[in-house]
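Residues per chain, in single letters:
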Amino acid sequence: MTLLSPPRPGHTVWRRFRRHRGAVAGAAVLGFLVLAVLLGPWLWSLDPTYIDVRARSAGPSPAHPLGTDQLGRDMLARLLAGGRVSIAVGLAAMAVSLGLGTLIGVLAGFFRRLDSLLMRLTDLFLALPVIPLVLVAVMLFREPLNHSFGPQAGIFVLVVLAIGLTSWMPTARVVRGAVLELKEREFILAARGIGTPDAAIITRHVLPNVASPILVSAALGTANAILTESALSFLGLGFPPDFPTWGRLLSDATVYLQDYPGRALWPGGLICLTVLGVNYLGDGLRDAFDIRGDAR
Amino acid sequence: MNFRRIRRLAMAFLTLAGTLAAPLATADEAQRGRDGQVSILYWQAPSILNPYLSGGTKDLEAASLVLEPLARFDETGTLVPWLAESVPSVENGGVSGARDTITWVLREGLEWSDGTPVTSADVVFTWTYCIAEGGGCALREKFDGIAAIDTPDARTIVIRFDAPRPNPHVAFVGAQSPILQEAQFKDCLGPRAPTCTGANFNPIGTGPFVVTDFRPNDVVQFAANPHYREPGKPAFSEVVIKGGGDATAAARAVLETGEFDYAWNLQIDPHVLANMAAAGRGQVVSAFGTLVERVVLNQTNPDAAHGARRSTLGHPHPFLSDPAVRQALSLAIDRALLVEIGYGPAGRITCNLIPAPDIYVSQANDGCAMQDLDRARALLDGAGWTDSDGDGVRDQDGVPLSLVFQTSTNAVRQDFQALIKQWWSQIGVATELRNIDASVFFGGDPGSPDTFQKFYADAQMFAGAFDGTDPESYLSSWRCDRIPTPENQWQGSNIARYCQPAYDALVEDMREAGDIERRAELARAMNDMLVQDHVILPLVNRGRVSAHANDLGGVVLNPWDSELWNIADWHRKTAE
Amino acid sequence: MLSYALRRLLFAVPALLFIALVLFALLELAPGDPMAQLPLTIPPEVRADMRAALGIGESAHIRFGKWLWQLFAVEPMALADRALGTDMAADSQRMISWQTRGPVMDTIIQRLPQTLWVVGMAYVVGVLIALPVGVISACRQHSVFDQAGTFVTMVGYSVPPFFSGVLAIVIFSVQLGWLPSIYDTTHQVTDWHSFTVQLRQMVLPVMVLSLQTTAQLSRYTRAAMLDSLHQDYVRTARAKGLSETAVVLGHGLRNSLIPVVTVIALGLPQVFGGAIITEQIFKVNGLGQLLITAIQAGDLPMVQTITFLLAVMVVLANIAADLTYGLLDPRIRQEGRP
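As they're listed, the protein sequences go chains L, W and A.
All the letters of the first sequence, read from the start, carry residue numbers 1 to 296 under my numbering.
All the letters of the second sequence, read from the start, carry residue numbers 1 to 576 under my numbering.
All the letters of the third sequence, read from the start, carry residue numbers 1 to 338 under my numbering.
Honestly, I wouldn't trust all of these hints.
[Unchecked claim] Using 25 Å as the maximum straight-line C-alpha spacing, the simulated DMTMM-like pairs for lysine to aspartate or glutamate come out as follows:
1) W:Lys186 with A:Asp322
2) A:Lys66 with W:Glu133
3) W:Lys454 with A:Glu45
Derived from the structure by calculation, the hints contain no laboratory data.
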């Protein structure tokens, strides 16, 4: 049975991924950003909420390398704290939407009876407008979540779920397409022929082989979630004004664009870098997994 | 189609008025509509032009170009006659000695913009319209206590109150109760009020302008009223009130790009506003009314352990019931810095709940303007609040000074919260901050735990003001029986849960006092009680701040009435 | 094929009803109060009366029934009245917005022109730029053009519109003074001059919006193009000695157009949804701005109606996309559904 599976592509994939310079650069940038925001509190110990009234709106100085905001809070510390939240939101929301999308995609592609129903459900979700839904979700669930997780974790869970639950549809469609194609391949037919249970076929044969579209949409999903979070912050539906995230910092700083452009450029640049990095990474993954692409 | 006809009519009239008025003044000054268009930016766009169905400031002010009251307040808060010949008073016999009737007389020859005469019947109709059952009139309070309105002739209106009224100038006064035309609204009474879309979007009025096109929440276009009572006014032939965007963009459009002539309500970082004004295209104007941003300290225990009875009188607050703690919290606040950071020219320090008019302003509390952390610490030490367990938070008998401080979600308020939290931590008080979406916080939904009336927190911050220039009903909101409770569905105005029989007695005194000096004295006494008990900590007297282009003349910012109250006098300045 | 189309359309009816129910219920559950924006000086009793006058006190299922009736019977009649000059809906209560006390549908129709001008134009511009960029990028995979195109579109995509919009205003309106920062919705195009005014005021919002569309679409076109260029029939065509242009346009583009056209069709309803943030920044006041102000003001009839109309658009676009798919690709027609 294992003989019938195509050869494990791991080694080739890694070789091809390494050859994709953009992808390597993207991965490096992302790795650096993640490390920076994770180790940030140890490297730069200023409290992002500490107000130094005398140093309001200060430019870069040894005490505040990136300057301070309108209340005198250290920008570097706020960027590090904000990045932790933004990246965490991106990854967590991606995980939610990916899990849901993959589940629905695989079920729809694999079980013909569920297909029509699940795809209509997907259409339905695509039809529901995101912003009002997110707003309603925020209003409905903020209080219960605050009680069970505390005010900051509560809103985090809320934003993650709101983004995740409204962005799984493309993944579901892509995965379903891939599964449909895969289902007719010999090794699946063979596995079914020898009586392997459905669950085992899915976990052992289907999932590993649809990994590439899943990984690619994971990369793009992370970027999307970070951007959605910033849009929510701008509309006042996301994290509250006193809770730094890159999106929040950027939308607060647009007011000061003419007076203190640096305040907007830093969070804006970091969002940009993250999204770019993630996209190049996704590109590299797609090319690396694409068998036909190599043959050219 | 309709508006084109109106415009043609207006043009015809303009020519006529121009010729007639020519001998009286120089041609340049006399002609109505000589200065073309003035464009105004309201970043919150008007959604309806009938103030009785809205109550929102943006709608009232847009409507004030068209609909006018009998009298209104000028920029100093003084009543000036508008559609009436004069302001009735006891001295001129317009108000009866017992203060239970008031007699208004309309100006002679007043016309609606459709050319029909304005009569006392229209005034009576306006009252009937607002008090009609099922109409949902937002400004019904203006007509409280009116027993009947008589019309001895077409120009005289006699309002009879069911009890003596020390302040009878409420109904038909100010932008909040203008006169509607009976002919236009007579089929819109009660439940039919919301269905009269045509009338609500295009009311016929007496003001300097008439509506030509109204697009809800987007833009309103006006043209000069051909039947306006003053010849040669307004100087502008067209007004555009555009909505949308935010305050920063509005300020930019007037001060930096010069696309608009006037921008309303520019509550943005004062530093940014100052830099924009430095571009030299326009100027920032501000004026102060009665709006006070304040922190309210809960006198009852909001602990969830009390279930349905949390934040009600039966359970006093564990530490905010101690006057020393309240005073220390007030002393720790640097109000000057709050003004500088949050409001700039649009704010000034206040230690009073009644910051204006001058006659009601108490001088007894001015000390609060200085932050005094040492005195605050000494007060807490003296009252037995010490940090006994070394965690940086003072406590006494196992009760730590740790409080939840909530407000609505709004950038300036969150900055204030962060600053106040830091100051309170410097005197050993721990603060947890919460902010709640404004539509829920101010929404008054009895089912929501987050409304400011329920006050499930120890401290909260919001702004409050009173209408007009008389603080009586405002001050009576801190009576014991106005405390929000589960029994009255949390609908009460005494948010602090302040309950002092001495205060209630003062409220009664003021209700009966007719003499203005006596009333002022009582108002100051009540203000002092509230402030010196440190139940309500006034922070900032927030003003109106707007901007206008340098070549726009005649703007007088009025904090007591519509900002556009004198738009008939606005004109384009010629280059010097 | 016809029966398939009919089946899809028939299925859409219960789906739409279900969507209507879900939307209504969700919004019904949300806390918030249309009276919350009123000044605090208006006393609670008056607020209660105002709520009653709006019919907020009625139970939800009655209002749902009323809403459905108004949506499917009264409003189409009113629309017909408007078009034909009849007065079928004269006596029926139309759907009334809580903010404006005016018919919801009139306001929505009022917002269509600017939404279509700005958001629609941005979509068209985005498509027109994205297609050639995507095709050329795919043909010259790994070339400088491909790399630069990818980089620029990705940067465009990763800058949130609330930032790029303000940046564009500061540069082009404040510093250079070339273009207006505020969109005039009352502007009428009557002659050449007014047309240029219209163009000038559209430049900034269209630029900011199309940045987003271009980025996503060109990435998609490139991928679809790459996919079809690697197919066997393209190799065969090349082997037969056809010119590169003929190969790319005749074989590659034609086949990759199928998914690209589908994606473009599926994106169309978003045009009607407006662009909330960009509209707000340039004060375009289209449907997106209408929706967000209605949400902020707790104006349920408005929010419910706009979101439902959007849902209808999406469902229809989906059906249309599926049907074109079937028309373009005979294999799918056989199976009934892709």
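Structure-based check of all given hints:
no., hint, result
1, W:Lys186 with A:Asp322, "violated (55 Å)"
2, A:Lys66 with W:Glu133, "holds (23 Å)"
3, W:Lys454 with A:Glu45, "holds (16 Å)"
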